[in-house]
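So the sequence lines, in the order shown, correspond to chains A and B. Heads up, the first sequence is in this note's numbering, so the first residue is 1 and it goes up one at a time. Heads up, the second sequence is in this note's numbering, so the first residue is 1 and it goes up one at a time.
None of these hints come from the bench; they were simulated from the model. Just so you know, not all the hints are guaranteed correct.
[What the hints assert, rightly or not] Partner residues aside, some chain B positions facing chain A, computed with beta carbon under 8 angstroms:
1. V48
2. G117
3. V160
4. G189
Note that the Cβ used here is the ideal one computed from N, Cα and C, for glycine as well.
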Amino acid sequence: MSASDFEIVAGDDARKDPVRVVLVQEDERPVVDLHEDPMVMTVPHLMVREVITIIAASLFLVLVSILFDAPLEELADPQRTPNPAKAPWYFLGLQELLHYYPPLISGVILPGVVIGALVVVPYFEINLKREPLWTHGRERKLLSIAVATVLVSIFFYVSAPHPVWPIIGPTLFCGGLMMLPGIVGTESRLMDWFARRSLAFWIFTWFLITAVILTVIGVYFRGPGWEFTLPWRDGVY
Amino acid sequence: MGTHAGSDQTPARPLWLRLVDQVLASRVGRSILRHGYPNTNRNRSLAVFSNFFLHIHPVKVRTEAMRFSRTFYLGGLSALTFALLIGTGVLLMFYYHPSVPRAYQDMKDLEFVVSAGLFLRNLHRWSAHAMVALVFLHMIRVFYAGAYRPPREFNWVIGVFLLIFTILLSYTGYLLPWDQLAYWGVTVGTNMARSVPLLGDEISFLMLGGHQVDANTLVRFYVLHCVVLPLVLVLGVMVHIWRVRKDGGIYIPPEERRAAHRACRVEGESGREEA
Ligand code: HEM
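Turn these sequences into a full structure, and let the hints guide you.
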């Protein structure tokens with residue numbers, strides 16, 4: 001490392017102030033692993049971006065708050081249950097599951113499993129090398145994915161009084177996409193991309209699609225008695 | 001000595017900048033900020049590490065980490081909405097009594113009596129929804145970036161707890177207006193707690209301060225919403241953002257780092273030739 005790698009600037013107040021020496025490295029940082037990354041000064045480059053983001057996002061929220069009023073209904077009345085009584089939107093996926101399963105499953109076990117799964121994600125399937133699913137053992141993997149997809153689908157078909165289509169659908173969809181590159185090969189760009197996704201990717205995507213579908217149904221497609229409604233015909237409850 | 005120091009300084013500084021210089025150079029100014037206007041790399045470095053609020057950042061950041069399309073600034077936006085919520089929340093607390101039916105009357109007062117009261121309530125409400133959504137989206141972006149992998153595992157775990165606390169904050173706040181929406185939304189949710197095996201009734205009683213949602217519940221939710229949960233979340237967010245730095249900054253996949261480096265090399269070499 002030669003002297004020209006550094007920029008040494010002394011403050012004009014160096015005599016009066018406690019001396020501060022700042023070494024600004026041009027190209028390298030002491031951390032061996034990082035020494036190749038192009039860098040810029042936090043002030044002003046990052047700070048300008050942060051300030052602009054803060055102003056833009058705040059303005060947006062101010063605008064929304066001027067244009068739209070927060071809902072306020074009548075005074076709470078424990079004697080008069082509204083129909084339907086809906087929880088806030090981020091719980092409506094779970095409330096929609098209440099339609100299929102008793103509260104012990106939809107309100108306690110399932111959310112518990114989801115939170116547990118999220119916590120162990122980085123420990124459970126580390127996959128440091130980000131191995132694609134199809135590097136080896138094509139037949140065996142095809143078979144196990146097919147079996148897993150079918151078993152999960154059957155489970156959600158029979159475990160509730162009516163088939164849980166919002167879960168079965170995404171299961172078949174994700175299982176199908178997972179197997180596709182194993183069946184048709186990876187010549188096309190898209191298939192190659194699918195083939196390179198990890199197992200964790202597919203499980204998370206499956207969970208995400210399911211959660212979004214359940215929530216959208218709960219928010220827009222459920223009316224009095226939790227009956228199915230169409231929002232464009234009956235409005236949103 | 002510095003090869004770049006001279007080029008950073010613009011020769012003719014406008015009047016207002018010279019005024020800023022003077023203020024920063026004055027005794028009081030120096031006692032507050034301890035550095036001059038950040039137009040030299042020395043002052044820019046000092047601006048970051050001699051400032052409590054900026055020192056969550058390193059002095060230099062990777063160009064790649066700053067790209068909008070990498071993080072969509074979702075973590076930062078979550079933090080921003082949280083800050084807005086604390087600000088508007090404190091103002092709302094000046095007008096709010098956690099008692100039945102006064103809580104509901106306070107909502108009506110905010111709407112019709114307090115200056116800009118409706119706006120205040122709207123901003124708090126919409127920021128709350130935005131925060132829940134942003135935290136979810138932030139988690140999704142972190143997952144698809146693969147940024148939960150070592151050494152960032154534990155920061156992901158902290159994140160999961162931040163998500164839970166964000167939802168709890170939103171949920172406890174939902175009850176406070178004490179209208180039909182609030183009352184029954186919370187009743188639906190707390191009914192689920194009753195189905196926890198063995199301890200269901202005890203948990204429900206602990207949450208509600210009784211056998212159903214009533215004035216006791218309002219006080220409990222109020223204390224949780226205005227004191228306990230915000231304190232926990234402020235602490236958690238501080239640890240989380242500190243960890244982002246300690247874990248080596250925003251995750252950039254190795255192949256993208258190599259590409260960025262190559263691009264930079266080429267640029268740097270041609271630049272040196274010109275000089
Ligand atoms: C109150 C909620 C949260 C706040 C204020 C917050 C804030 C932040 C900020 C400012 C960053 C820097 C990069 C970025 O903006 O993406 C970050 C990164 C990160 N966050 Fe969060 N976060 C929150 C919730 C979460 C959640 C729910 C998770 C995951 C379950 C999570 C996991 C992570 C991880 C692993 C990183 C490092 C990402 C990387 O290195 O690329 N955070 N967070």
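Hint check:
1. About 5 angstroms separates the beta-carbon of V48/B from the nearest beta-carbon of chain A, less than 8 angstroms, and the hint is met.
2. The beta carbon of G117/B comes no nearer than 11 angstroms to any beta carbon in chain A, farther than 8 angstroms, and the hint placing it at the interface is violated.
3. Because the smallest distance between the Cβ of V160/B and any Cβ of chain A comes to about 5 angstroms, under 8 angstroms, the interface hint for this residue holds.
4. Contact between G189/B and chain A, as hinted, is supported at the beta carbon level, the nearest pair being about 5 angstroms apart and thus within 8 angstroms.
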